[in-house]
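Full structure from sequences and hints, please.
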Amino acid sequence: DALGTVTAAATATVRPQVSGILQKIHFSEGQLVKQGQVMATIDPRSFEMALLQATGQRQRNEAQLESARVTLERFRTLLSQDSIARQEVDTQAALVKQLEGTVMTDRAAEGVARLNLSYTQVKAPITGRVGLRVVDMGNLVGSSDANGIAVITQLSPIDVEFAVPQDQVPALQEQITGGSKLPAIALDRTRSQELATGKFQALDNQVDTQTGTVRAKARFENAKQALFPSQFV
6 DALGTVTAAA
16 TATVRPQVSG
26 ILQKIHFSEG
36 QLVKQGQVMA
46 TIDPRSFEMA
56 LLQATGQRQR
66 NEAQLESARV
76 TLERFRTLLS
86 QDSIARQEVD
96 TQAALVKQLE
106 GTVMTDRAAE
116 GVARLNLSYT
126 QVKAPITGRV
136 GLRVVDMGNL
146 VGSSDANGIA
156 VITQLSPIDV
166 EFAVPQDQVP
176 ALQEQITGGS
186 KLPAIALDRT
196 RSQELATGKF
206 QALDNQVDTQ
216 TGTVRAKARF
226 ENAKQALFPS
236 QFV
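Heads up, the sequence shown is in this note's numbering, so the first residue is 6 and it goes up one at a time.
These are calculated hints, taken from the structure and not from any lab test.
Every residue gets a Cβ at the ideal spot worked out from N, C-alpha and C, and that includes glycine.
There's no promise every hint is true.
Below are the DSBU-like pairs computed for lysine-lysine, each with C-alpha atoms no more than 35 Å apart in a straight line [said to hold, decoys possible]:
| # | residue 1 | residue 2 |
| --- | --- | --- |
| 1 | Lys186 | Lys229 |
| 2 | Lys39 | Lys102 |
| 3 | Lys29 | Lys186 |
| 4 | Lys222 | Lys128 |
| 5 | Lys39 | Lys29 |
| 6 | Lys222 | Lys39 |
| 7 | Lys204 | Lys102 |
| 8 | Lys128 | Lys204 |
| 9 | Lys229 | Lys29 |
| 10 | Lys222 | Lys186 |
| 11 | Lys229 | Lys102 |
| 12 | Lys39 | Lys229 |
| 13 | Lys204 | Lys229 |
| 14 | Lys186 | Lys204 |
| 15 | Lys29 | Lys222 |
| 16 | Lys222 | Lys204 |
What follows is a set of in silico ranges between Cβ atoms, one per label pair, in the way DEER data are often shown [unchecked claim]:
| # | residue 1 | residue 2 | range |
| --- | --- | --- | --- |
| 17 | Val43 | Lys102 | 38 to 46 Å |
| 18 | Asp209 | Gln40 | 23 to 31 Å |
| 19 | Asn210 | Met142 | 41 to 49 Å |
| 20 | Val43 | Glu166 | 29 to 37 Å |
| 21 | Ala176 | Asp213 | 12 to 20 Å |
| 22 | Leu145 | Thr76 | 29 to 37 Å |
| 23 | Thr76 | Arg112 | 17 to 25 Å |
| 24 | Thr202 | Asp48 | 22 to 30 Å |
| 25 | Gln36 | Glu105 | 45 to 53 Å |
| 26 | Thr214 | Arg112 | 31 to 39 Å |
| 27 | Val43 | Gly143 | 13 to 21 Å |
| 28 | Ser33 | Leu192 | 30 to 38 Å |
| 29 | Lys229 | Arg112 | 17 to 25 Å |
| 30 | Pro188 | Thr110 | 41 to 49 Å |
Quick look at the structure:
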């Protein structure tokens, strides 16, 4: 028997990766959301314009590169006929290389612009329950916001952390090493009601010298949502 505290298997603060005006909110407080679900929309207009600009820059430089390549082929033909100096061919070849680098940079810039546009759709990083909303529509949001838009807490599965006396660790470790799946039962604070059943998950790697115990963790599927983060069990 041990006193334990319920801890979420994962907690994530939903933060936008680009700055802008929060245009729409697609979730309700307390709602269960899935990983990848769109939770909010940031005004995308400036990012759409940036993508258009990057695409136009790439197309213009690609056209210049194609023209430079045609000229280089013509120069090489003239060189084979001794009708042009090799220096002009070498200069044109260097220009082609330069434009190839420029186009590669343009493609990267276009990719970044497209990525930033996709970030205007703020998506849930994990599956779980959304907490209370901390920002409303119409506000300017950004990646530096400490509180983000909301916090998602994974409730299924969920963990319980507790302490094992160091005298019991060898016996427990023997069972773990032998591959046993040790059952765990979570009871309420009155020890009268069984909240959930699960299994032993992990044992810490050192003894707490102040308490003479080792921290441990059990995992529960929590299908009935009977366990809640920070709950005492």
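How the hints compare with the structure:
1. Lys186 / Lys229: Holds, because 22 Å separates the two Cα atoms, which is no more than 35 Å.
2. Lys39 / Lys102: violated (47 Å)
3. Lys29 / Lys186: violated (47 Å)
4. Lys222 / Lys128: It holds: about 30 Å lies between the C-alpha atoms, which stays within 35 Å.
5. Lys39 / Lys29: Cα-Cα ~18 Å, so holds.
6. Lys222 / Lys39: Judged against 35 Å, a Cα distance of about 25 Å means the pair holds.
7. Lys204 / Lys102: violated (62 Å)
8. Lys128 / Lys204: holds (32 Å)
9. Lys229 / Lys29: Since the Cα atoms of Lys229 and Lys29 sit roughly 32 Å apart, the hinted pair holds (cutoff 35 Å).
10. Lys222 / Lys186: holds (13 Å)
11. Lys229 / Lys102: Distance ~64 Å between Lys229 and Lys102 Cα, so the pair is violated.
12. Lys39 / Lys229: holds (18 Å)
13. Lys204 / Lys229: Holds. Lys204 to Lys229 sits at ~16 Å (cutoff 35 Å).
14. Lys186 / Lys204: At roughly 7 Å apart (the allowed maximum being 35 Å), Lys204 and Lys186 satisfy the hint.
15. Lys29 / Lys222: violated (39 Å)
16. Lys222 / Lys204: Satisfied, since the Cα-Cα distance of roughly 9 Å is no more than 35 Å.
17. Val43 / Lys102: 38 to 46 Å: holds (43 Å)
18. Asp209 / Gln40: 23 to 31 Å: Cβ of Asp209 to Cβ of Gln40: about 28 Å, so the range 23 to 31 Å holds.
19. Asn210 / Met142: 41 to 49 Å: With a Cβ separation near 47 Å, Asn210 and Met142 satisfy 41 to 49 Å, so the hint holds.
20. Val43 / Glu166: 29 to 37 Å: Cβ of Val43 to Cβ of Glu166: about 33 Å, so the range 29 to 37 Å holds.
21. Ala176 / Asp213: 12 to 20 Å: holds (19 Å)
22. Leu145 / Thr76: 29 to 37 Å: violated (49 Å)
23. Thr76 / Arg112: 17 to 25 Å: holds (22 Å)
24. Thr202 / Asp48: 22 to 30 Å: At roughly 48 Å between Cβ atoms, Asp48 and Thr202 fall outside 22 to 30 Å, so the hint is violated.
25. Gln36 / Glu105: 45 to 53 Å: holds (50 Å)
26. Thr214 / Arg112: 31 to 39 Å: violated (57 Å)
27. Val43 / Gly143: 13 to 21 Å: Given about 18 Å between the Cβ atoms, the range holds.
28. Ser33 / Leu192: 30 to 38 Å: holds (32 Å)
29. Lys229 / Arg112: 17 to 25 Å: violated (52 Å)
30. Pro188 / Thr110: 41 to 49 Å: Violated, since Pro188 and Thr110 (Cβ atoms, about 59 Å apart) do not stay within the stated range.
Checked against the numbered hints given earlier, the structure breaks hints 2, 3, 7, 11, 15, 22, 24, 26, 29 and 30 and satisfies all the rest.
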